[in-house]
Amino acid sequence: MTDASHRDTWRRHTQRQGLTIWLAWLGLVALTVWCWQIMTRDTIWFFVTDAPTQAADIGSRMWPPRLSYLPELLWPLWDTLNMATLGTMLGILMAVPVAFLAARNTTPSALVLRPAALFVIVASRSINSLIWALLLVAIMGPGLLAGVIAIGLRSVGFIGKLLYEAIEEVDSVPVEAVIATGAGRAQVLDYAIVPQVLPAFWGISVFRWDINIRESAILGLVGAGGLGLKLQSSLNVLAWPQVTMILLVILATVVVSEWVSARVRKAII
Amino acid sequence: MLELNSLQKTYRTGDKALNDVTLSVPEGQIVGLIGPSGAGKSTLIRCINRLVEPTSGSITLSGRPITGLGHRELRAMRRRIGMIFQEYALVERLTVMENVLSGRLGYVGFWTSFTRRYGADDISRAYHLLDRVGLMDHADKRADALSGGQRQRVGIARALAQEPELLLVDEPTASLDPKTSRQIMRLLTGICAEHGLPAIVNIHDVPLAQQFMQRIVGLRAGQIVFDGAPSALTEDVLSEIYGAEDWHAMRRGAEEDRAAEADSVAHLERIGA
Amino acid sequence: MNGYPATWKRPPQIFTHRGWRIGLQTGFAVWLVLALATLDPNWARIVEGWERGLRFAGGFLQPDFTSRWSDISKGLVESLTMTLTSTVAGIVISVPIGVGAARNIAPRAVYLVCRSIIALSRALQEIIIAIFFVAMFGFGPFAGFLTLSFATIGFLSKLLAEDIEDIDEAQAEAIRATGASWLQMINYAIQPQVMPRLIGLSLYRLDINFRESAVIGIVGAGGIGATLNTAIDRYEYDSAGAILLLIIALVMVTEYGSSYLRKFLQ
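Protein chains in written order, with this note's numbering: chain A, 1 to 269; chain B, 1001 to 1273; chain C, 2001 to 2266.
Think of the hints as simulated: they come from the structure by calculation, not from any bench. Since this is a predicted model, take the numbers as computed values, not measurements. Hints may be right or wrong, so weigh each one.
Part of the chain A face toward chain B, derived, beta carbon under 7 Å [what the hints assert, rightly or not]: (1) W22; (2) A24; (3) T181.
Far from chain A by the CB rule (all over 12 Å, computed), these chain B residues [stated by the list, open to error]: (4) E1003; (5) S1006; (6) Q1214; (7) S1239; (8) D1246.
No farther apart than 20 Å at their CA atoms in a straight line, the calculated lysine to aspartate or glutamate pairs in the EDC-like style are these [what the hints assert, rightly or not]: (9) A:K266 x B:E1235; (10) C:K2009 x A:D190; (11) B:K1179 x B:E1087.
The beta carbon of each residue, even a glycine, is placed where N, CA and C say it ideally should be.
With the rest of the complex left out, here is chain A (with noise of 0.2 Å):
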């Protein structure tokens, strides 16, 4: 080893580099306290310092929860749940047509429809369901069907994202063999890409599924029925035994719900 190639100091960045990463993880930090200062310019400090007490208050009226309220929940748990399955049934419907026209190798127009479906896909998925069912609501009126119509809304983005994905990554060899046959553009999404991207629907269905079961217990909160609608009224009389067992059955339907999703998608892949 010569003494030339000899030296006693390493460094993992080139202080160039290093001074750029430390500058960002400082802006960071600068932007963070500042967001931070601006946030809680209206706080009243004294609501927060007392939040323990607000704590401990509600945890003890919570507990224990009223048991023989379960069975005036039974009624809004199968709203829920019908709530949340014909709305993935209604969303499904709603998003096959989106996808494929949203998707490049099967759109039949890169120019018009295309950009068309990728913003409904975009405006559905920023928007929340509890924002769908808080308009729709408005406009229709409370009720399970508006909740049905929200969960809908706010899904034909989501699954029509992950399954235009999902036809845009299909094997275009037997497409082109279904094309070399003859077959017309129906007959190849039919026999060449529909096969190839139905596992990948059917767990993307079940997904939202699971998803839209967790959504549609709360959209009553605004009005659209189910397990939200008793959560807002126990609310509105501070009956909190009565909140804890509606939770208690949100949890236990969530928890048997993304049970059965698992077990479905690991059937399916």
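Please arrange chains B and C on chain A, whose structure you already have, making use of the hints.
Using the frame of chain A, we list chains B and C on its own:
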């Protein structure tokens, strides 16, 4: 009779894949297309059924032009040209029967194909073809449950279900072991002989081509550099097609395959291919 | 053609037993009828609402940004600041919890505690958490900040823990063999392997937090959701349309921005 007249294909990238290719294939002839990868073999075959759109030149099949057809006529033309692929190109999640029946897609309407209610003729023809390629018992299996050789047999049955006037075969044995390769080639050439069906076969394996083809066309950089009988393929010609170094490397690989060939004969008798 | 069958039926792929198939199909049909029956739409109300729906659609096409701009901008600022601070706080807390919840490197007791925190955070909807935080901390974005931070912990810690559990054991082994301490092992063997994905997930969560910040305002936790709720309550559909368009635009910006950043950082 298939005729290609000064066919040219330039890709958008500027790659000249085919340069002034003129070729005619008479009824019942099996032509092997050899050449190094990138020589334009795959492009040539795909220009014939217009999976790749030729830049200029003309193609006619039995006197009818293929270039310049509209969408509907192109579909009608494609169903008369069967194609067999390197990676079998089956739809793996469909049953073997559906894959074979998909050869009829150009003949039936969407509703028939969607409901899988094919006519009695189509179905008994499909069974007949499955029997011919030795897969009678596999009709209801899913295509992904088959071995490589079996999948390629389904691919052949699908192409034949079209009742083609011409077969385009793209590297039919590239994904198969040497023994299965020979079985498939024997089956393919046997079927072509039975029906007097002309075929163009892309093939990278020169000994295999010499053994099974009636005529060989050598392609290099998009141009035909050899056209003649397999026996006329001398070392010099092959060096010209492949470049000297590549050719010697290829020949060594071929020796190993020869051992497998001897092995396969006995097996072939048994399945009657 | 002689001798060959002339009919073929596609064999069923999933439920191969006939009884099962018929049972499931009837069950589904019965459920569908019952479920649709419970919908019980109030047609009179829907007809009445039709005109309102059209007005809303009109509001979407001709959004009104100006007349409620001060409310809108206040809501947006709350949402954006809430999003950033809660994501940062969430990351800072979820890294130790995520490390603790990785079975391969954490002691059993720590593992169980961290996993329960994650389970608790994931089990409850953001909106339900928000209700509680509002009850405890009062109305406003501070409750929203806490809600989103709490939800971020469940999301990030779980994925981080799974990532750590999936790492290449050989690298950790090699570093351990040099005589490194536990912290050095984390720093040299684990961090380089999970860092890129952690950054990606954090940016993704930033995106989710913004969307959620638009919702929790409905129960009083501040942000643009509160403004939207007020606009809808007042039937000011042109302002509501403007807010929704802003949300969509900002979501698009955060989504493209975060995917760009992810690509840039990797």
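Hints versus structure:
1. W22: 44 Å, violated
2. A24: 39 Å, violated
3. T181: Constraint on A:T181 satisfied, holds at 5 Å.
4. E1003: Non-interface label on B:E1003 holds, nearest chain A Cβ at 20 Å vs cutoff 12 Å.
5. S1006: 24 Å, holds
6. Q1214: Consistent with the label, B:Q1214 stays out of reach of chain A, its closest Cβ about 24 Å off (over 12 Å).
7. S1239: 33 Å, holds
8. D1246: 26 Å, holds
9. A:K266 x B:E1235: 56 Å, violated
10. C:K2009 x A:D190: 17 Å, holds
11. B:K1179 x B:E1087: 17 Å, holds
In this structure, the hints that do not hold are numbers 1, 2, 9, in rising order.
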